[in-house]
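Visitor: As you go down the protein sequences, you meet chains A and B in turn. Start counting the first sequence at 1; every next residue gets the next number (my numbering). Start counting the second sequence at 1001; every next residue gets the next number (my numbering).
Some hints here could point you the wrong way.
Listed below are the simulated DSSO-like cross-link pairs for lysine-lysine, each with C-alpha atoms no more than 30 Å apart in a straight line [said to hold, decoys possible]:
| no. | chain 1 | residue 1 | chain 2 | residue 2 |
| --- | --- | --- | --- | --- |
| 1 | B | K1347 | A | K294 |
| 2 | B | K1130 | A | K74 |
| 3 | B | K1135 | B | K1220 |
| 4 | A | K186 | A | K143 |
| 5 | B | K1199 | B | K1169 |
| 6 | B | K1278 | A | K274 |
| 7 | A | K294 | B | K1276 |
| 8 | B | K1292 | A | K309 |
| 9 | B | K1113 | B | K1002 |
| 10 | A | K295 | B | K1318 |
| 11 | B | K1292 | A | K321 |
| 12 | B | K1072 | B | K1130 |
| 13 | A | K137 | A | K274 |
| 14 | A | K274 | A | K143 |
| 15 | B | K1318 | A | K307 |
| 16 | A | K321 | B | K1339 |
| 17 | A | K295 | A | K309 |
| 18 | B | K1276 | A | K132 |
| 19 | B | K1072 | A | K4 |
| 20 | B | K1002 | B | K1226 |
| 21 | A | K294 | B | K1339 |
| 22 | B | K1278 | A | K294 |
| 23 | B | K1318 | A | K274 |
| 24 | A | K309 | B | K1318 |
| 25 | A | K74 | B | K1276 |
| 26 | B | K1072 | B | K1135 |
| 27 | A | K352 | B | K1130 |
| 28 | B | K1353 | A | K295 |
| 29 | B | K1319 | A | K132 |
Derived by calculation from the structure, the hints in this document are not laboratory data. None of the values given here were measured: they were computed from a predicted structure.
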Amino acid sequence: MQNKEILALLLAGGQGSRLGVLTKNIAKPAVLYGAKYRIIDFSLSNCINSDIDTVGVLTQYQPLELNAHIGIGKPWDMDRINGGITILSPYLKAEIGEWYKGTANAVFQNIHYVDKHSPKYVIILSGDHIYKMNYSKMLDFHKENNADATISVINVPWEEASRYGIMNTHESGQIFEFDEKPQKPKSNLASMGVYIFTWEALREYLIRDDENINSSHDFGKNIIPMMLNEGKSMWAYQFSGYWRDVGTIQAYWESNMDLISRVPEFNLFDPAWKIYTSNHLKCAHYIAPEGSVKKSIIAEGCMIYGKVKNSVIFPGVYIDKDAEVEDSIIMTDSVIGSNSIIKQCITGEGVKIGSNVKLGIGDNIPNEHKPSIYYSGISVVGENAVVPDNTKIGKNVVVDSHVEASDFCATNIESGKSILKGGECE
Amino acid sequence: MKSTMGIILTGGKNDRLKELAELRSSTAVPVGGKYRMIDFVLSNMVNSGITNIGVLTQYSFRSLMDHLGSGKEWDLDRRNDGLFVFPPYLSGEHSGWYQGSADAMYHNITFLKRSFEEYVIVAQGNCVYKMMFDKILDYHVEKNADITIVYRNMGDFPEEELQYMGVMKVDEQEKVVDFKEKHKSPTSAICSMGIYILKRELLISLLEECASHGKYDFVKDVLINKLNVLNIYGYEFEGYWRNISTINAYYRINMEMLNPQIRHQLFEQHGRVYTKVKDEPPAKYNEEAIVKNSIVADGCIVEGEVENSVLFRGVTIKKGSVVKNSIIMQGSIVDEEVKINHLIIDKGVIITKGINLEGTTTFPVIISKNTVV
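The shape of chain A in the complex, shown without the other chains (with noise of 0.2 Å):
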């Protein structure tokens, strides 16, 4: 087998709780994002367009849609013989088997995998994130370095530095501390999760860190503090440009609807930086005489009848006569009925709204069963679930998935309620 310079580990087994419904039954990276895409499209398109053709991806939580998704890395021209896509999941072994206890834990299970391919280098990803990044150069500058780690860091703004892991480095970009999650940041330079190691040097600390009881087999708590501890050559690599963690319903909203701006921050209309995802086989949208959208992006074999507007909308969805949809993101296969109004929601896939319907209109109460994930003024609706004719409900409500219209107890549901499957409104 030809052996590899590098070879990319997609870390797709987190479960993204604070994303409430949306990640119940699906793990973040495969959560549906910007009219056509999935999360973790844009980790795996940086990969091939970074000419690493080499991938792991590491699943746990949910892996079922996730795996249906990747296949055999078609989309991505990752179907190779030499190399390409390998779904890596928990497995049995002689003795024991286990789950995933950590990011670091997980990649320690697959040194096999790595020690296949002898890669000179390993580059770790998650596949949480929205972002275009040339892992190439990234490789160069910690090629440069002669470094053991090269961690890739954004500047965040000050405020919010001590929610994330903060690099401090030396004016050369040498890292000589770093601090998990700090009270008082010294620095803005925060993780984004994305390490390049030298595989030999990250082999041996794997080991070790395995054989540390008390670890939590964590690279930003344990592997990264570790090697520094020791000494070791670890390089921050600064990135700019757009990159966001779509972990609450909030931030997922809003990057969803960054796409929607005149001229995007973030852009995928770049045929340099393609985005490459499974392809839907649907034929173009069709916007009816009477219908109307403005400022929106709009997938394929969609039919509009009713208005849209600042709105994400994905493949096959079909929204019916005089029905308004207004600073919302409607997932694959909805249908919103005919007259119904739907502002500031996000409804999951297969989703089906009724007539005369009102949702996401009320006061901003947060919810108050999930009054830390609902909170924003967003309403959501599960995948597959049936909202009935007639009904209104107010902001920061959850629908849960599957629901029927058997179990909505009431045609007024105000802010902040929940609906769940089996009638309990609560």
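Given the coordinates of chain A, assemble chain B onto it according to the supplied hints.
Guide: Quick look at chain B alone, frame taken from chain A:
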């Protein structure tokens, strides 16, 4: 339909399509926002379970070959069978160009001979329709026919277009009793759709016989010639079907796709229509966009007014422009303050600021590929 293989004929040069088919086979002409004509017949075959398909190309086949590639998009990149493209070739006694449909098949008779399927479907590559071919095979077997020809009542076609078709007559048993190819003054609107089903062995012997008599044309020299010798039956198709014999026909097909019933027949019934993937981002509409009754493909950016039009992938319509009743192909740009009506704009065209252009429904203006107006 493992028992059936497919042959797609891509025809000769069509001057009636003017600039649209100057540099491409009529089967490779873009249609409906993201497709090429051949996608429909190929998808029909794939959706009917046919996996061994030969495409016989002759005229300007580069764009067609580029479109078909390895057949990946139709799931035809197979270890066994799959998609085979046969451009003309030179050999000892053979001059290269195919002289007719039978000649084209005869020169690739090895493809027929080394296949194993019992039946062959021969179809044209430049028609828009959705059809399940397995139904026709059932009918063919039930009728105990030697050849079955699929026909349609073309009453919904303008009369002048019927002269480019094969007009048929069938008796009460659906047996074909008369067939006239490209008749100047057609007497009926019952026309062949150019879809034939027959046994592979029979096709091989008919082609060999035809070639030994120095004949080239499948319709004239095989079908019409054998009308009284073989059991030739007709199968009536009642759905939507269009060919692109003329510019007007081409314009009409695109405009008819704005009709929800026709879109439903073409894209939501009998499986999907497959085509080459371009990985464009979803279409983007800015604040000023006014779009009515139009088809818009991925990768478009719309800031102007668009009505009764078909925008292919990656088209840009800038501010203050008004596009009506037009077809704009891939990657073309309409700059600010442009007014166009009844236009067919080929790929990669730039209409510069402030231009006014107008055709009519019967005479749409065509702007050739990669021109700057």
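Visitor: Go through the numbered hints given earlier and state which of them the structure violates, listing their numbers in rising order.
Guide: No hint contradicted; all consistent.
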